[in-house]
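Below, each chain spelled out in residue letters.
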Amino acid sequence: MPSGALLFQSVLLGLLLGGLYALLASGLTLYFGIMRVVMIAHSAFLILAAYLAWYLHERAGIDPLLSMIVTVPLFFGAGVLLQRLLLTRLRPATLTMMSVLLTFAIALLIEGLLGYAFTGTQRRINLGYGSASIEVFGARIAVVKLIAFVLAVVALSALYLLMKRTRFGRALRATIQHRDAARLLGIDTDKVAGFGFGIGLATAAIGGTALSLDTTIYPSLHWHWIGPLMAIIVVGGLGSVPGAAIAALVLGMAQSLLQIPLGTTWAQTVFYVALFATLAIRPQGFFGGRLAQRF
Amino acid sequence: MPSASRVLKIGAVVLLAVAILAFPSIAPNPYILSAGVLVLNYAVLSTSWNFVGGFTGYISLGHGALAGLGAYGTGLLVAKGGLPPFLALFVGAGLVAALAVPIGFAALRVRGASFVIVSISLVLILLLVFQSWASVTGGSRGLVVPRPFDLTRPEHHRVFYYLFAALLAVALLAWWLIDRSRFGLGLKSIREDEDKAEALGTATFAYKLIVFVVSAGFTALAGGMYALWFGDLDPVFQFSILTGSYLVLMALLGGVRQLFGPVTGAIIVGVALEYFKVEYGDTPLHLVATGLLLALVVLFMPDGILPAIGDLWKRFDRTERSSIREVTAAELREQRLAEAKGATR
Chain G
1 MPSGALLFQS VLLGLLLGGL YALLASGLTL YFGIMRVVMI AHSAFLILAA YLAWYLHERA
61 GIDPLLSMIV TVPLFFGAGV LLQRLLLTRL RPATLTMMSV LLTFAIALLI EGLLGYAFTG
121 TQRRINLGYG SASIEVFGAR IAVVKLIAFV LAVVALSALY LLMKRTRFGR ALRATIQHRD
181 AARLLGIDTD KVAGFGFGIG LATAAIGGTA LSLDTTIYPS LHWHWIGPLM AIIVVGGLGS
241 VPGAAIAALV LGMAQSLLQI PLGTTWAQTV FYVALFATLA IRPQGFFGGR LAQRF
Chain W
1 MPSASRVLKI GAVVLLAVAI LAFPSIAPNP YILSAGVLVL NYAVLSTSWN FVGGFTGYIS
61 LGHGALAGLG AYGTGLLVAK GGLPPFLALF VGAGLVAALA VPIGFAALRV RGASFVIVSI
121 SLVLILLLVF QSWASVTGGS RGLVVPRPFD LTRPEHHRVF YYLFAALLAV ALLAWWLIDR
181 SRFGLGLKSI REDEDKAEAL GTATFAYKLI VFVVSAGFTA LAGGMYALWF GDLDPVFQFS
241 ILTGSYLVLM ALLGGVRQLF GPVTGAIIVG VALEYFKVEY GDTPLHLVAT GLLLALVVLF
301 MPDGILPAIG DLWKRFDRTE RSSIREVTAA ELREQRLAEA KGATR
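Protein chains in written order, with this note's numbering: chain G, 1 to 295; chain W, 1 to 345.
Next up, chain G with everything else stripped away, as it sits in the complex (with noise of 0.2 Å):
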């Protein structure tokens, strides 16, 4: 039996990574309500943005939570064009998966690129305060997945306020719950749903920014992540962003109580055995509602 402090430090540190895991699929929730789209290539542009943050802090010496300045606009242009550019022109009767394909598509060019600029070396930021620490209860906690942790909570707190607050998040909202309804209503669906995915794609540029911080990266790291996230999108209801964020906490945790018994690589497996039971029990997941039924 682990120790008492051991588990807490445990709980902790599954807290801290459900965060970012939340964030993440929050993400991906996203671009599944607006178009039905599965984004492989959500965790490919978030191993982008940390490697523009290393790249940022190498050359030019600029804290990587500086680089969100730079990654974050350009990330949400990138999400804009991605869909009013490329996911529009697919049929609409195979979009979902056609989508999947060319998402995926764009997950290798991706890959391949970082690999061929920045060869496969795995890289991490050296900061200053890398190493600090502080202690909670006896338990140690890294300073920069407390960043990390924060870093994600805002930006969620933002995504929430943004959906329910705002007059373009009420419109994004209706696009998601029925497009032909909000069109009769005189919202431009397709310059909301073109917003919405440059959102999306913007939580990759916060999350590959806090990921950076504390991660060795190199060009494959992505895959190592998008299952973990599609899992959480599916146990938690494709579409729901609740639902993501909770199942996020749980899965989280999880995998960092597992790791105390098991180790790092097959606590991983608690996301697809997660997966599998969900499909084969609950197929629309724990939090979906009426959209979640039939995908």
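Because the hints were derived from the structure by calculation, they are not lab data. All values derive from a computational prediction rather than experimental measurement. Any given hint might turn out to be false.
Listed below are several chain G residues computed to face chain W (Cβ distance under 7 Å; list not exhaustive) [claimed, not checked]:
#1 Arg89
#2 Thr96
#3 Ala105
#4 Gly115
#5 Thr265
#6 Pro283
Idealized CB from N, CA, C, for every residue including glycine.
On the provided structure of chain G, position chain W as indicated by the hints.
Frame of chain G; chain W shown alone:
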């Protein structure tokens, strides 16, 4: 009197068969022959993929993992179980087909998106398991599969070339039979409109599951044959997400609705892959090339090359006009939308 296009079609198929069978005799060296074996392996795999992808429209990115399972199943049964190689091949494929039942059950109960997610997860989880479970699978050190025949290297390639060709013929025959059957009609109705198919009484879930298991069985046979041919298995290559994407690319490029589409695509992409490997080595650029090609096919040629050639031929051949047009649900929808637009103006 058969029409000109029918004669041409039969001629093309005969030409393809002759070219495939004659290849070992004209291959200048064992390396080219081994590349030929690899291309045929891809042809079998993408044809197997097309049982699911072509008939039902469900796109799986995880067939690489099923092939890897077949390879490891066969390899482990031979190396650790001591079974004769070709018995192990069929037992391995049977086991993978059995395993495909629960996988398909989870993946196919709901519509498209979850299926893709499960198929990708399958690759990722199997890579994790086969790398970590080193005591059984050999882990990253790999698994050596003893050779079934005591032959020189070129002879070994030649024998396996014909074995793969035979497997390809069986897979094509099975596809052709399903294509013409009532079962195939049900599957295609799922592809066109799953709701309507279900409403008309098609047992959509059972149909999808059966064809997924058939597809998994053929994929595992091809994987197991690869294990016996190549003799050395590494989880990184056997459970690579890239293999799955190659199969999709081949099938889409050739045309998923055509019997010979995946074979055509496999020849084009397989040859291109080998050429690329020789010219540029193992750089990340092959990822870029694969990604670009896949994106271009998805965006501009989702129906594949063979239909494009067929359309071109129809322009010149005015003798054949079928009374019933074959149109997809998507085309009909677009047509209706265009008409509706015209009516409101």
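Status of the hints after comparison with the structure:
no., hint, verdict
1, Arg89, "holds, 6 Å"
2, Thr96, "holds, 5 Å"
3, Ala105, "holds, 4 Å"
4, Gly115, "holds, 3 Å"
5, Thr265, "holds, 5 Å"
6, Pro283, "holds, 4 Å"
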